[in-house]
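2 protein chains.
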Amino acid sequence: MSKLLRVDDVTVPACCSPLSGPPMAEAEAVELAKVFKALADPVRLRLLNMIAAADGGEACVCDLTGAFEVTGPTISHHLKVLRQAGLINGERRGTWVYYRAIPEQLTRLSGLFALPALTTI
Amino acid sequence: MSKLLRVDDVTVPACCSPLSGPPMAEAEAVELAKVFKALADPVRLRLLNMIAAADGGEACVCDLTGAFEVTGPTISHHLKVLRQAGLINGERRGTWVYYRAIPEQLTRLSGLFALPALTTI
Numbered sequence: 001m002s003k004l005l006r007v008d009d010v011t012v013p014a015c016c017s018p019l020s021g022p023p024m025a026e027a028e029a030v031e032l033a034k035v036f037k038a039l040a041d042p043v044r045l046r047l048l049n050m051i052a053a054a055d056g057g058e059a060c061v062c063d064l065t066g067a068f069e070v071t072g073p074t075i076s077h078h079l080k081v082l083r084q085a086g087l088i089n090g091e092r093r094g095t096w097v098y099y100r101a102i103p104e105q106l107t108r109l110s111g112l113f114a115l116p117a118l119t120t121i
Numbered sequence: 001m002s003k004l005l006r007v008d009d010v011t012v013p014a015c016c017s018p019l020s021g022p023p024m025a026e027a028e029a030v031e032l033a034k035v036f037k038a039l040a041d042p043v044r045l046r047l048l049n050m051i052a053a054a055d056g057g058e059a060c061v062c063d064l065t066g067a068f069e070v071t072g073p074t075i076s077h078h079l080k081v082l083r084q085a086g087l088i089n090g091e092r093r094g095t096w097v098y099y100r101a102i103p104e105q106l107t108r109l110s111g112l113f114a115l116p117a118l119t120t121i
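Residue numbers (the UniProt record's numbering), protein chains in the order written: chain A, 1 to 121; chain B, 1 to 121.
Just chain A, with the same shape it has in the complex:
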């Protein structure tokens, strides 16, 4: 049986007021800016898309590296940036690392951009 090894444990801040809500604390803005910096790359966005949309919610790094015209080390770097931003986590099982999107972080970001429902008078 493969040895299970958690590659990382990411803590996603409890959150989140929407942008249309109360003033954002400076520390939260600094932390969120780092998350958006991680998302500010087309290859990382497509990697996150592949991981979040993978069957069973999990994508093997072996399936991710072949999908882009960049080297394996570059993909590894991008995956590390996404991990450090709390967007994905990885678990090594045997030869490969398997990645999952972190639903709390995606939900947090979805809520950040959510607008209040329009009320009718």
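For the record, the hints were derived by calculation from the structure and aren't laboratory data. Treat the hints with care, as some may be off.
Heads up, simulated PhoX-like pairs for lysine-lysine below, C-alpha to C-alpha not over 20 angstroms straight-line [to be verified]:
#: 1; chain 1: B; residue 1: Lys37; chain 2: A; residue 2: Lys34
#: 2; chain 1: B; residue 1: Lys80; chain 2: B; residue 2: Lys34
#: 3; chain 1: A; residue 1: Lys80; chain 2: A; residue 2: Lys37
#: 4; chain 1: B; residue 1: Lys37; chain 2: B; residue 2: Lys80
#: 5; chain 1: A; residue 1: Lys37; chain 2: B; residue 2: Lys34
#: 6; chain 1: A; residue 1: Lys34; chain 2: A; residue 2: Lys80
#: 7; chain 1: A; residue 1: Lys37; chain 2: B; residue 2: Lys80
#: 8; chain 1: A; residue 1: Lys37; chain 2: B; residue 2: Lys37
#: 9; chain 1: A; residue 1: Lys34; chain 2: B; residue 2: Lys34
#: 10; chain 1: B; residue 1: Lys37; chain 2: A; residue 2: Lys80
Non-contacting residues of chain B with respect to chain A, defined by C-beta distances greater than 12 angstroms in every case (computed) [stated by the list, open to error]:
#: 11; residue: Ile75
#: 12; residue: Arg93
#: 13; residue: Trp96
Keep in mind that this is a model prediction, so the values were computed, not measured. All C-beta atoms, glycine included, are put in the ideal place defined by N, C-alpha and C.
The hints should help you fit chain B onto chain A, whose structure is shown.
Same frame as chain A, now just chain B:
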């Protein structure tokens, strides 16, 4: 009466599949990465927060410049970046420019991070 002058007109792409949905086209990833680059700055995030949360949905640049320990030209630069990313638009009325968040862009981003509702068997 003040002359009305629209400072810019931004087209937000019709959208949006969630990250957990179908494969993202390369062109969409490139465009979205630019939006996230605009968001990858704490001052810009707080400016967008102030604009999106403003009474009446509109913030005067005169109220924005005093809220940060950076120069007026720096604030103007940040507002330009947010405008170019389709996150806000501005309208000059008399002396001042008034900014609004673009709801279609915020809703698009909210949908991008939305997760499918869990179904029970």
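Status of the hints after comparison with the structure:
The hinted pair formed by B/Lys37 and A/Lys34 meets the criterion: a straight-line CA distance of about 10 angstroms does not exceed 20 angstroms. A threshold of 20 angstroms between alpha carbons decides the hint, and for B/Lys80 with B/Lys34 the separation of about 13 angstroms falls inside it, so the pair holds. A threshold of 20 angstroms between alpha carbons decides the hint, and for A/Lys80 with A/Lys37 the separation of about 13 angstroms falls inside it, so the pair holds. For the suggested pair B/Lys37 and B/Lys80, the alpha carbons sit about 13 angstroms apart, so the restraint of at most 20 angstroms is met.
For the hint pairing A/Lys37 with B/Lys34, the CA-to-CA distance comes to about 10 angstroms; that is within 20 angstroms, so the pair holds. At most 20 angstroms may separate the alpha-carbon atoms for a hinted pair to count; A/Lys34 and A/Lys80 meet this at roughly 13 angstroms. A C-alpha spacing of about 18 angstroms is found between A/Lys37 and B/Lys80, which places the hinted pair at or below 20 angstroms, so the restraint holds. A C-alpha spacing of about 6 angstroms is found between A/Lys37 and B/Lys37, which places the hinted pair at or below 20 angstroms, so the restraint holds.
At roughly 15 angstroms between alpha-carbon atoms, A/Lys34 and B/Lys34 fall within 20 angstroms of each other, so this suggested pair holds. The suggested pairing of B/Lys37 with A/Lys80 holds, with an alpha-carbon distance near 18 angstroms, which does not exceed 20 angstroms. With a minimum CB-CB distance of about 15 angstroms to chain A, B/Ile75 clears the 12 angstroms threshold, and the non-interface call stands. At roughly 22 angstroms from the closest C-beta of chain A, the C-beta of B/Arg93 stays outside 12 angstroms, upholding its exclusion from the interface.
For B/Trp96, the condition that its CB be more than 12 angstroms from all CB atoms of chain A holds, with the nearest at approximately 21 angstroms.
Checked against the numbered hints given earlier, the structure satisfies every one of them.
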